[in-house]
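Asks: Chains as they are written, first to last, in this note's numbering: chain B, 1 to 756; chain F, 757 to 1023.
Source of the hints: derived by calculation from the structure; they are not laboratory data. Be aware that one or more of the hints could be misleading.
[What the hints assert, rightly or not] Straight-line C-alpha distance at most 20 Å; calculated EDC-like pairs for lysine to aspartate or glutamate:
no.: 1; chain 1: B; residue 1: K524; chain 2: B; residue 2: E578
no.: 2; chain 1: F; residue 1: K807; chain 2: F; residue 2: D982
no.: 3; chain 1: B; residue 1: K667; chain 2: B; residue 2: D687
no.: 4; chain 1: B; residue 1: K697; chain 2: B; residue 2: D658
no.: 5; chain 1: B; residue 1: K32; chain 2: F; residue 2: D875
no.: 6; chain 1: F; residue 1: K826; chain 2: B; residue 2: D203
no.: 7; chain 1: B; residue 1: K32; chain 2: F; residue 2: E1003
no.: 8; chain 1: B; residue 1: K41; chain 2: F; residue 2: D875
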Amino acid sequence: MLAGHEEKYKQAVNMLSSGNQEEQIKAIRFIKNSIIGNITKKKLYMNLNISPILIKILSEDTYSNDMKIQSSVIIGSIANGNEKNIKKLVEDGAIKPLLDTCNTEDPKLYESAARALKSLLESDKTTHEILFEEKYLENIISHLKPCDFNLYGNIAMRNNPYRISEVTAQLISKISISPEEQNKIVQHETIPLLLNLITSKYDFYPKVQEAALEALSCICKGNKDICMNVLEAPLEDESKSTSKRLLKLVHSKRPEMKLLSITCLTNIFRSGITNEELKKEVLLIVLPVLIKLLNPPSSSTSLQSTQSFSSQERAPMIFSYLIAEDKDLQKAAMEGDAISKLANIIKMTKTSDDDNNYVNYIPTNSSLHNERLRESSLFAVASICAYEEEYRKNVIETKILPIIVSSMYHPNYGIRMAACHCTKSLSRSVKTLRTSLVDSGVINPLLKLLSDPDIQVQTVACAALCNVVLDFSPMKKFVLENDGVPRLVSLVHSMDSNLRLNAIWALKNIVFNAESNIKDQIIKELGWEQLYLLINDEELDIQEQAINLLRNLACTNEYDIEETINGLGETRIINIFENKLQWGIQNTNMINPTPKVDNIIIQTIWSLVNIYAGNEKHKKLLITDNILNSLFQLITHKNEIIRLAVIWCCINLTNPDDVGTPERKKKLISLQFPNAFKMLKNDPKIDVRNKVREVLKHFEEPSEIKSYNSLLMPLNRSNESLLSDLSLHNNNQYDDEDDEDEDEDLFDEYLPDSNY
Amino acid sequence: MTIELIINLFYYYYFILYYHFLIIIIIIIIKILYFKSRFKKKAPSKKVIAKEKWESKLANVSVDKKDLNKLIMNYLVIEGYKDAAEKFSQESGLQPSVDLLYIEERMNIRNTIQSGNIDEAIEKVNDLDPEILDNNPVLYFHLQQQKLIEYIKQNKIVEAIEFAQEELAPRGEENPEFLEDLEQTMALLAFDDNDKSPVKSLLEHSQRQKTASELNAAILTSQCQDRDPRLLSLLKLLSWSQDQLNEKASFPNIKNYVTAKLEPTNK
Chain B
1 MLAGHEEKYK QAVNMLSSGN QEEQIKAIRF IKNSIIGNIT KKKLYMNLNI
51 SPILIKILSE DTYSNDMKIQ SSVIIGSIAN GNEKNIKKLV EDGAIKPLLD
101 TCNTEDPKLY ESAARALKSL LESDKTTHEI LFEEKYLENI ISHLKPCDFN
151 LYGNIAMRNN PYRISEVTAQ LISKISISPE EQNKIVQHET IPLLLNLITS
201 KYDFYPKVQE AALEALSCIC KGNKDICMNV LEAPLEDESK STSKRLLKLV
251 HSKRPEMKLL SITCLTNIFR SGITNEELKK EVLLIVLPVL IKLLNPPSSS
301 TSLQSTQSFS SQERAPMIFS YLIAEDKDLQ KAAMEGDAIS KLANIIKMTK
351 TSDDDNNYVN YIPTNSSLHN ERLRESSLFA VASICAYEEE YRKNVIETKI
401 LPIIVSSMYH PNYGIRMAAC HCTKSLSRSV KTLRTSLVDS GVINPLLKLL
451 SDPDIQVQTV ACAALCNVVL DFSPMKKFVL ENDGVPRLVS LVHSMDSNLR
501 LNAIWALKNI VFNAESNIKD QIIKELGWEQ LYLLINDEEL DIQEQAINLL
551 RNLACTNEYD IEETINGLGE TRIINIFENK LQWGIQNTNM INPTPKVDNI
601 IIQTIWSLVN IYAGNEKHKK LLITDNILNS LFQLITHKNE IIRLAVIWCC
651 INLTNPDDVG TPERKKKLIS LQFPNAFKML KNDPKIDVRN KVREVLKHFE
701 EPSEIKSYNS LLMPLNRSNE SLLSDLSLHN NNQYDDEDDE DEDEDLFDEY
751 LPDSNY
Chain F
757 MTIELIINLF YYYYFILYYH FLIIIIIIII KILYFKSRFK KKAPSKKVIA
807 KEKWESKLAN VSVDKKDLNK LIMNYLVIEG YKDAAEKFSQ ESGLQPSVDL
857 LYIEERMNIR NTIQSGNIDE AIEKVNDLDP EILDNNPVLY FHLQQQKLIE
907 YIKQNKIVEA IEFAQEELAP RGEENPEFLE DLEQTMALLA FDDNDKSPVK
957 SLLEHSQRQK TASELNAAIL TSQCQDRDPR LLSLLKLLSW SQDQLNEKAS
1007 FPNIKNYVTA KLEPTNK
């Protein structure tokens, strides 16, 4: 349609290569002024393949600094927020010449080249290793130091020294991601230079303070050592200490400044440093200010610049990260009315597309803002109600559940993932599982998301499903009837270990206390061979869940035990127990045993307890010398659950009514089991003391205790809360300490990234 | 010395006195309000403060000269009185919060729009800071809309239509909320006699001023300056606090904000 107009743009591009310098500069300025703010023109020039020409101007010395400045500005503007353009520019090799250009003496040229680099690094797909080359990194960081005003030239050539520090700090924010990168960056005096920029000296230049705050928060994120350095570094400011200065900036009147100083304090707080004073300040100052920043999108968008948009979008994300692991903060947030504020934001983002599951959804500029707001707010809701039943009730009462469900159909994967997180948090409550969640119809999209194209969405959907398939939930049946099992089994084969872990976790929960036919159905899909491989997976978490699955399979009745032994094969099952116990003992004796080792031992012994509840043949098979020796060594283990489980093993082996008990007792006595148990009579844990008394009675004269034991016996075999394992996390009813630990691990992996 | 500078100098000497006066009044009123609120129940009758007593109270309040100077600098910088700001900076020893050359350039851009030369203004603002228009789609649309209006004013109908097709239609596609403004502007073309056009206000000088202020505000924001001088909020505060105190006491009010004259107390 615009063929006629296009001619003039083509001509401008051709003029760039003309020999006449005056024509060149005229052309490049024409191009610059037509693309700034103009998305269609950016696209048009990219289609005219302007990118190699711009890069050539930067690379060759024959071009003047002014040409290079204009060229950098054009690159920066074309890249601004457009993934596709960024990709093309990076592929054409824009990064290196821009970095070389940064080594210039001309401050204005440095500024525009650094700005262009910043735009290109805005996409997380742009690789940035090259920036860490010594000749580049040192030069960039040195520009954090504001130089004196240089008052020469016209306005276009003038530079503002603070703007150079500002763009440099922004650039540093983009490349401080991994701990290695953070550490490399702070080697160059970066911390004092950045801290200088946040002092009151620069109160007239809030933008440079903001850029420095962002860079500080990026180098601090998840890096305890750097956080300590930042907190302890001297500050030339009336506030004296970094944390006091940051708290002062929290009270700035600029929302952007508030949010960035909060981000900084949040990242320091979450880095794992223990600082009681900081915690108090976070609770009393940072959190309340942050909650005030949780605002619904305003209806009068016309005058709002993109900046305050982005701080609106980020606030819930930072909130979510701040409170994620801390129950005190969650409580304070709830009392500060954060749930209803977040729910309001989520409701404001509701459109008619929510009613028809985003079938014909076309994103526009303003809907993108709504998308990001919804995503970060859903994450925040998931965080706040992760642990407390009461908060979940509050969330349900805000009536956002239908929006959570429709968000699972959203084309934006971040929103789908955030919705899964919410479902996961809400499904930790038995009450919501039985009522609201069932009524909401969440199970349909949740099952669908197991096959999502995005692996992270799959992983979180699977984690949510873990809670949904528990025994008492009506949704378990739905999963079984709608091909849930084959889908989960296919995920068990995933290359991604998180996904593998969640899939096996969900299967384990389905098998918990299940009918034999359900167990058969699952093992038919999974295969014994696969279970054996998972039991020996390279990831300890997966091993633990796989052994837990074995424990749940071999539970409740003789048929199930028989099936398990036959399925795995006698030799292999003996192998599993001998190896796992021995491995556990070896690794416990190491200097730094992890809780993961304990967890594997626990699951292994409980599996034994279950099989020892079977018939004489089953018992006989698994009382090999190796197994009994290992159990003996674990009697005095420092973990009381392990001690308890070993006692349970012996109780099941010495039930007075069972066939073969006298021989087994003889064997245990010859191995000194009763003597070892006597040492536990004064165990600090009451459960252990009670059970050890019981097992010691088994070793007394059979005639005296026979009648008493016949009362106890059925209890031994049907006490399912001990014999098989249920992982509904952080629920009061099933609050089991070791499970809670596992769950925190699981949750941790999905914490949102505040850089996002 | 240019005439403009003389006027400006007059302005700021006047402002020093003016600001001083306003602040003192506000401080006194707030003090009285605070005092009153503590003894609310005991003092139901309206207190009467005579003009003499009020003036003696005013004389007892001291305001830091430095704060006052900052307020004046703030006014001069934001309203764009570059020469006056420069002179004031020399006399008061106060550093302006922004490079003074930027004030001049900002005024320059403002005047360029007010004289209808949109392309030139765009060039200048892009030289000043290329991120302003790139990150502000609403402002960019309004500048292009103004350019379309200028074409229509000059009766360049063919250019106007081409420009609308090429530049404004894509903006409408990107942001549907622009379509209404765009339609109104295009409606200008439908009337031969612009006086009869229902959208004729777009052709008036006030439309240029509107666009110019929007751009001016965006530049100020990009330099982290306030959009309006603090004086404006100070006057609002004065008016509000006088109203508050009028409910509880009779005292000499300022009714004319230009002269800041104390009216005698109503009895």
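Asks: Against this structure, judge whether each hint is valid.
Replies: Checked hints:
Note on B:K524 and B:E578: the hinted pairing is violated, with a Cα-Cα distance of about 26 Å set against a maximum of 20 Å. At roughly 36 Å between alpha-carbon atoms, F:K807 and F:D982 are farther apart than 20 Å, so this suggested pair is violated. Between B:K667 and B:D687 the alpha-carbon distance is near 26 Å, which puts this suggested pair outside the 20 Å criterion. Only pairs whose Cα atoms come within 20 Å are accepted, and B:K697 paired with B:D658 is accepted, the gap being roughly 15 Å.
Taken as a hint, the B:K32 and F:D875 pair is honoured in the structure, with Cα atoms around 12 Å apart against an allowance of 20 Å. A C-alpha spacing of about 14 Å is found between F:K826 and B:D203, which places the hinted pair at or below 20 Å, so the restraint holds. For the given pair, B:K32 sits about 59 Å from F:E1003 by alpha-carbon distance, which is inconsistent with the 20 Å threshold. With a C-alpha separation of about 16 Å, the suggested pairing of B:K41 with F:D875 holds against the 20 Å cut-off.
The structure does not agree with the numbered hints 1, 2, 3, 7 stated previously, though it agrees with the rest.
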